[in-house]
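Asker: If you read the protein sequences in the order shown, they are chains A and B.
Under the numbering used here, think of the first position of the first sequence as 1, with each following residue one higher.
Under the numbering used here, think of the first position of the second sequence as 309, with each following residue one higher.
Just so you know, not all the hints are guaranteed correct.
In silico DSBU-like links for lysine-lysine, alpha-carbon gap of 35 Å or less [as the list claims (entries may be wrong)]:
#1 69/A to 80/A
#2 468/B to 523/B
#3 69/A to 145/A
#4 706/B to 759/B
#5 258/A to 244/A
#6 289/A to 258/A
#7 350/B to 289/A
#8 269/A to 258/A
#9 523/B to 244/A
#10 269/A to 289/A
#11 269/A to 350/B
#12 350/B to 258/A
So the derived label-pair ranges between C-beta atoms look like this [stated by the list, open to error]:
#13 977/B to 209/A: 24 to 34 Å
#14 350/B to 181/A: 54 to 64 Å
#15 156/A to 322/B: 49 to 59 Å
#16 237/A to 977/B: 18 to 28 Å
To spell it out: a stretch of chain A is covered by chain B in this simulated footprint if at least three of its residues, at any positions, have a beta carbon under 8 Å from a beta carbon of chain B; those stretches are [stated by the list, open to error]:
#17 120-133
#18 252-258
Note that these hints are calculated values from the structure, not bench results.
Just so it is clear, CB atoms sit at the ideal spot from N, CA and C, and this is done for glycine as well.
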Amino acid sequence: MTAPTSSPGAQLLDPAVLARISNLELRARAVVEGFIQGLHRAPHLGSSTDFAEHRPYVPGDDTRRIDWKVYARSDRYYVKEFEADTNTNLIVFLDVSRSMLYGSKLAYATTLAACLAYFSSLQRDRVGLAMFANGVVDFVPASAKHLRLVLHSLDHAARNVPKVAANPTRLRSVFQRLSDVVRRRSMVAVISDFYEEPDDVVAAINMLRGRGNDIMALHILEPSERTFPFTESSNFVDLESDEKMPVIPEYLREGYQKVIAEHIDTLGKRLVGQGVDYSHFDTSQPMDKALFAYLGARSRIERAQKVG
Amino acid sequence: MGILAPAFLAGLLAIGIPVLIHMINRERRETVAFPSLMFLRKVPYKSVRRQKLRHLLLLAMRCLAIAIIIAAFARPFFQRPLTPPAAASDGREVVVLLDRSYSMGLGTRWTRATAAVNTIANDIRSTDRVSVIAFDATAAQVVEPTADAGRVDRVVSTLKPSSAPTKFGPAFRMAAQILTASEQARREIVLVSDFHRIGFSPNDEVALPMRTTVKTVDVSRGESGDVAVASVAVSRQTDGNRVRATVTARVTNLGAEMRTVNATLELAGRPADTRAVRVGPRATAQVVFPATNTASIATRAVVRITPDSQPANDAFYFTIAEDAGASVLILEPAGARANQSLFASRAWAVADDPAVRVDVRSSSAATPLDLRNRSLIVLNEADLPAGQFGEQIRQQVKAGAILLVVPGERGSVGLTPEWRAELPASVGPASDHVGRWASVDFSNALFEPFKTTGRSDFSSVTLSRYRALNVINGGSVIARLDDGAPLIVERASGTGRILMWALSLDANWTDAPFHPLWVPLLHQLARRSIAGSEVRSYFTAPHVLDLSREGSVVVESPSGQRTRISPDSQPRSVELKERGFYEVRGGSTAIGAGRPVAVNVDLSESDQSHFDPAELVAAVTARGERSAARGNDALFEGTAQELERRQAVWWYLLFGAVLLLAGETMFSNRLSRRAVKPPTTAIIEGAQNG
């Protein structure tokens, strides 16, 4: 696998270019196809038409799947099984809390979710969506036919900022509820800014892992959330809780940068330590990183399924 | 640089406002939405550092703008320097004030004074300048500013004490003018005097330039007492056709010891009589000389005493003339009451200042010769004379005499047209009225001397009957009765006056003849009748003698200095400065035959009351400082354009403040643009537009 960012189509992964594509599906398609073009691979890699194995026919199997050529040679009924039968669920947990309204985080996150959904759909995976804030805002069950529904929900969320109460997001309570809804083992992509203590985030994600789900944690932040470039003394308002705090940036900047860097580092280490694919995203970065993370996770799942 | 409205400078406190804003503004922030404050709260926070000011340049611009605006409102202005331009050298400008009043002639005062001036002049360096002002009651600069000590010595050696008293004010004012015009670095006044207390009046306005040094040389020490002839009174008695004069001299001992001096009366330059007089310490004695005959023209007379250390007041000069006072003619009607003019004639008879000659005639027996040289004519209930006699009276009035008309019970009922045109009032009937003398016009010359005594003195005069006077010809009522009726009505006629009196001149209708004001009032009437034409027996130097009524005359001073006065001369007067006899004579009059005018020194100068020179120095220098302070206000004098130009600096200040504020706005905006704005919470623009 080669690095995709130097490919001719990589420019389509640039968020600044994507911002000019209004249709979310088109945007996702542009991202995914650009990504695939960079891979120099067939667009239908992993297609469900790939032959996997023969197994003996049992009553109830679809007679259309009987391999008649094998019957002619061996006079036994065998049924063809394809790779598609091993497809998994991809459910995107998208954080639409008020903290995600900061800057272009929500737009970036919805685009990223759409890309994942579209790319996953190309892999014949079932696609679902759960949007949450301090509770579950919207939920689309995973299904091979739900791509458009997922894209529609994402598009609606991107165009109409979800109205959520001014309460801090509590991932543990939200994920506890969602873990009950997601019954089949799935690959869960959690897209959030993770403004919670690392212990709480890990505890929440462990609830999903406990149900056999594979977790991708996609940590979205604005560049200013890391660099804190403000200069004017201002009253900073917490978008989650509406609390206010007078801040003189020049005196807090250095400490803030240090604290949030420690947070990202701690969160990454803790999640990776729990077997979670953690990726930190800056909204100025291309989205192929997320797609690579998805592919990595999917191949890991396939290997695990084959081993199992 | 001065300030018109310094109270506005209190507004400089407003500079604290931008400082406060720069500190408070940090608390008054814009609201910035931020995803979460959880990490900000973890950062240690030092509140003390919040007091640190930022944008110091911006703060300085704002403070400076406020300061400039306030300075503009305080209205600064430029003024001329209070002192002359800086001197090119360290030389001195010395002004010597040399007292030459006649008291300086006492003992060796004058010798010591001139020696002191010479010493000062000899101490003058080549870079210094000295000038000399000789002063008595007036001041004169006798030496222009010079560094030549010899010139000062020569001029001062020609000076002598005058006959005038001491007045420091004019000398200091002249010295101030010289010093103000000087460009020398240091200014000095050296006052050489015997420091008579009378010479300095608290009302003298003296304004010396700033940083003027005043030094004094007191030459009054070690002098003995003085005896002076204080005054002379001449009383005249008519003996047949001759007038005899009795001279009474008052001799004053100003010293502390008993003195006996000889007093000699000289008439026409020859001793007439000598009397010894003994005068106690600080006391006065009278010397009465026997009566002497007088001539028709003024005779020169001198009373001398034994010379002492102060010769200026040892002789008293005066003139004795036959006709030296007022002359009153009282005309009574035929069959007048007994003593009808007694109270008036006796009141005038006792007058001595001036002496009054009184004659009472019956109107029917009076002749034009009786009117000769009369200054006051009284018609005491006599009818207004008609014909030539009446015309002569009117002409005499127009020439300066006073006519007093007293209608009484019987007189002046019918008026001829000639009199009707001249009189101030027509005469009505007599009526009984028990009342009082109510009001008096104290501004009138007749009553002016009584102004300080109060009107109650006149209101105590009672009456029982009066003659109604109806004002005509613009006559003015100068006294009224309590019922408002005119008591005295006056009208000018030519240079003389006509007065009409509603009461009687005796005690028939009023008690005025018994009132204490009766005699002074009639004396004032007599004095007024000769006002402007009286011949005074002596004057006190300095005095300006009015010669406007004279033709071409020559005035010769006692020292022989002659002054020619012609009708074209301006002014037609001469200042009498020397003691002794001046002579005023016409062009054809022989020397010695002219009219003598006696001049004496002011006796107040003989008062040896001395005061501390330091007191005088403190007074004039303190006034100088105050005057310099007031000079700040005087600097505002000038044209409106000049005043506006001096104050125009506030326009420039205001313009500068506007420019500064504009620069501040630009700078502030640039800082605002440089400040990082927080990311908006808007989503990607493209998504919204879609």
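Asker: Determine for every hint whether it applies to the structure shown.
Answerer: Outcome of the hint check:
Distance check on the hinted pair: residue 69/A and residue 80/A sit about 11 Å apart at the alpha-carbon level, within 35 Å; holds. With a C-alpha separation of about 22 Å, the suggested pair residue 468/B and residue 523/B falls inside the 35 Å cut-off, and the hint holds. A distance of roughly 32 Å separates the Cα atoms of residue 69/A and residue 145/A; the hinted pair therefore holds under the 35 Å criterion. For the suggested pair residue 706/B and residue 759/B, the alpha carbons sit about 28 Å apart, so the restraint of at most 35 Å is met.
Between residue 258/A and residue 244/A the alpha-carbon distance is near 22 Å, which keeps this suggested pair within the 35 Å criterion. This hinted pair checks out: residue 289/A and residue 258/A have alpha carbons roughly 25 Å apart, not beyond 35 Å. About 31 Å separates the Cα atoms of residue 350/B and residue 289/A, which keeps this hinted pair within 35 Å; it holds. At roughly 16 Å between alpha-carbon atoms, residue 269/A and residue 258/A fall within 35 Å of each other, so this suggested pair holds.
A threshold of 35 Å between alpha carbons decides the hint, and for residue 523/B with residue 244/A the separation of about 81 Å lies outside it, so the pair is violated. In summary, the hint linking residue 269/A to residue 289/A is supported, as the alpha carbons are separated by about 18 Å, within the 35 Å threshold. Between residue 269/A and residue 350/B, the direct Cα distance comes to roughly 21 Å. Compliance with the 35 Å bound is thereby established for this hinted pair. With a C-alpha separation of about 10 Å, the suggested pairing of residue 350/B with residue 258/A holds against the 35 Å cut-off.
For the pair residue 977/B and residue 209/A, the beta carbons lie near 55 Å from each other, so the given range of 24 to 34 Å is not met. A C-beta distance of roughly 35 Å is found between residue 350/B and residue 181/A, which places it outside the suggested range of 54 to 64 Å. Hint check: residue 156/A to residue 322/B, Cβ distance near 57 Å, so the stated range 49 to 59 Å holds. Between residue 237/A and residue 977/B the beta carbon distance is about 25 Å. The supplied range of 18 to 28 Å therefore holds.
Residue count for the stretch 120-133 of chain A with a Cβ under 8 Å from a Cβ of chain B: 0. That is fewer than the three needed, and the coverage hint is violated. Given as covered by chain B, the stretch 252-258 of chain A passes the check, having 3 residues with a CB less than 8 Å from a CB of that chain where 3 are the minimum.
This entry does not satisfy hints 9, 13, 14, 17, going by the numbered hints stated previously.
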